[in-house]
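There are 2 protein chains.
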Amino acid sequence: MIKVAIVGYGNLGRGVERSLKQNQDMELVGVFTRRAPENVATEGAQAFHMDELNNKRGEIDVCILCGGSATDLPVQTPEVTKYFNTVDSFDTHAKIPEHFSKVDQIAREHQSVSVISTGWDPGLFSLNRLYAQSILPQGGTYTFWGKGVSQGHSDAIRRIAGVVDATQYTIPNNEVIEKLKGGEKLELSTRDKHFRECYVVLEAGADEEAIRAEIVSMPNYFADYDTEVHFISMDELNRDHKAMPHGGTVLHTGTTHEATKQVIEYNLHLDSNPEFTASVLVAYARACVRLAKEKQFGAFTVLDIAPKYLSPIDDATLRKELL
Amino acid sequence: MIKVAIVGYGNLGRGVERSLKQNQDMELVGVFTRRAPENVATEGAQAFHMDELNNKRGEIDVCILCGGSATDLPVQTPEVTKYFNTVDSFDTHAKIPEHFSKVDQIAREHQSVSVISTGWDPGLFSLNRLYAQSILPQGGTYTFWGKGVSQGHSDAIRRIAGVVDATQYTIPNNEVIEKLKGGEKLELSTRDKHFRECYVVLEAGADEEAIRAEIVSMPNYFADYDTEVHFISMDELNRDHKAMPHGGTVLHTGTTHEATKQVIEYNLHLDSNPEFTASVLVAYARACVRLAKEKQFGAFTVLDIAPKYLSPIDDATLRKELL
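Residue numbers (our numbering), protein chains in the order written: chain A, 1 to 323; chain B, 1 to 323.
Bear in mind the hints are in silico, worked out from the structure with no lab data behind them. Worth double-checking, as some hints may not be accurate.
Heads up, the list lumps identical chains together, so a pair's fine if it works in one copy or across two of them.
Stated by the list, open to error - Straight-line Cα separation of at most 16 angstroms, EDC-like style, residue types lysine to aspartate or glutamate; simulated pairs: (1) 147 - 226; (2) 242 - 25; (3) 102 - 209; (4) 295 - 104; (5) 21 - 294.
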């Protein structure tokens, strides 16, 4: 049995707890949190204060780090990797090289393994970009996200004065996707690829038109997109817009000879983004422990890990049943 | 530069020749064939008789074996792996374990690397089955092929007395695929998953109804499917049915908690099946040479090889650009 600790218990941590129940070769040692453990309502797991983690050395094969990329993981992954094998979902794309270097050095020094930036993007989408570009070097790769909830964009709306709560959906332009699949070559702007749809609850007396204008013109988040804003009641938001669906597409269109078109398409349709991400983390936690057993110390990403390491099934059976 | 030999020059071998032209880190040493080399019309490559291959030791980093799975590869892959690193597309699913064992033993003895059973199924589809099942263990995987030409089924029709030529299309049941994507759980028979469509040219005076009946009732090939048969002229067949499109879908539907549905979908839409398969072989030829440089001798499948080995781009750049 692979002994797993969950470090951080929000939506992602809860997703990992659920995923572990589906994996017979893994057992959960406990949830480690900065909150008072008695206030953390798990789904059966024992909760410990984060300070207890280092007392559990020898009882844990891998820590799945479920903190956020903005402030938690840049500190936590290097720190925890000193004493444990770790898996994280660090997803600030621009800072991945720096995060990798830092964690790699610590993992080599402390003879541990850390698999960073797993999940679906970065993660499964990165894999698919790599496979597709390696196989069809003469071609273009396009990534689309959604339809799904973007926490970052929802948060940005919530910070506007007069807004009580909000949910933002990122919506891919399916018309463009179909054209690309048909082999059309397109120069696509940010605005061409995705739309944004916002469901917003206002304080009583807030100015709808002013807030709409503030949203659609917000730099980085909305200004470069076509954005629709709907004002609804708190009841409607809670009833219809509190699920966390997501998904997306990696599309690679290439040619092998003259006009011979070849299209590789990878789609995810997810009812729950955090639970799916958690399931990816759990599979890579298995890979992490195997790499550590083979004394392949250091940092890894999904690009570095042979697919078979993710499976609990032995190599001969995989060849027989999946090839 | 990676020096590549093509062994066997049919549709697949020609596809490899074309693919190599798109890969700047590879050069083609030549095409090796059992035919008289002067009768082999390549697209620029030098042609040699197969007997010359062993004289080229030291000049070739990897041989891409482009023979058939029925009779060529079971003999050729073990034999050529004694002297060279090899890549093949052995696709007789039931015999892969035996082929792997045989080639693995020889590769270890002779300190070479052989990547067997690459292509898209087995190959990329196998990869996707493995990733999906490892991430969502509570779920079902469905593979659909087509719309595309099946050479085996076309050949089976051509062997019927009175048939001059034929093209058979395998057609997936898109209605069933949509239901599965919507999360329905279905018990699917062979007949539910695919249809078969046949375009057949008859000898003058052949009995249409008798031949139609012989086709649709042919065991293994057609009896378990709904099959449509169209009789057409040789001109029509040559004009409309001599391309080799193919493709298909690997669909995995799982749940992460109670009724939370998660769907992973991988699609290929291929204008040319042999050229795409060839492109996969070429990417794995690159991986093969890298594994040999690392002295990781033995047989490998796509399940055993880390994605980064397929790319000519260095690891740091891949992390920066694709993660």
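Now the hints, each set against the structure:
Taking the shortest alpha-carbon separations for residue 147 and residue 226, only the intra-copy value of 15 angstroms comes in at or below 16 angstroms, while the best inter-copy value is 36 angstroms. With identical chains, the CA atoms of residue 242 and residue 25 are never at most 16 angstroms apart, being 33 angstroms at best within one copy and 50 angstroms at best between copies. Taking identical chains as interchangeable, the C-alpha atoms of residue 102 and residue 209 are never at most 16 angstroms apart, the minima being 47 angstroms within one chain and 73 angstroms between chains. Taking the shortest Cα distances, residue 295 and residue 104 sit within 16 angstroms of each other inside one copy (14 angstroms), while across copies they are farther apart (24 angstroms).
In the homo-oligomer, the alpha carbons of residue 21 and residue 294 never lie at most 16 angstroms apart, since the shortest distance is 26 angstroms inside one protomer and 38 angstroms across protomers.
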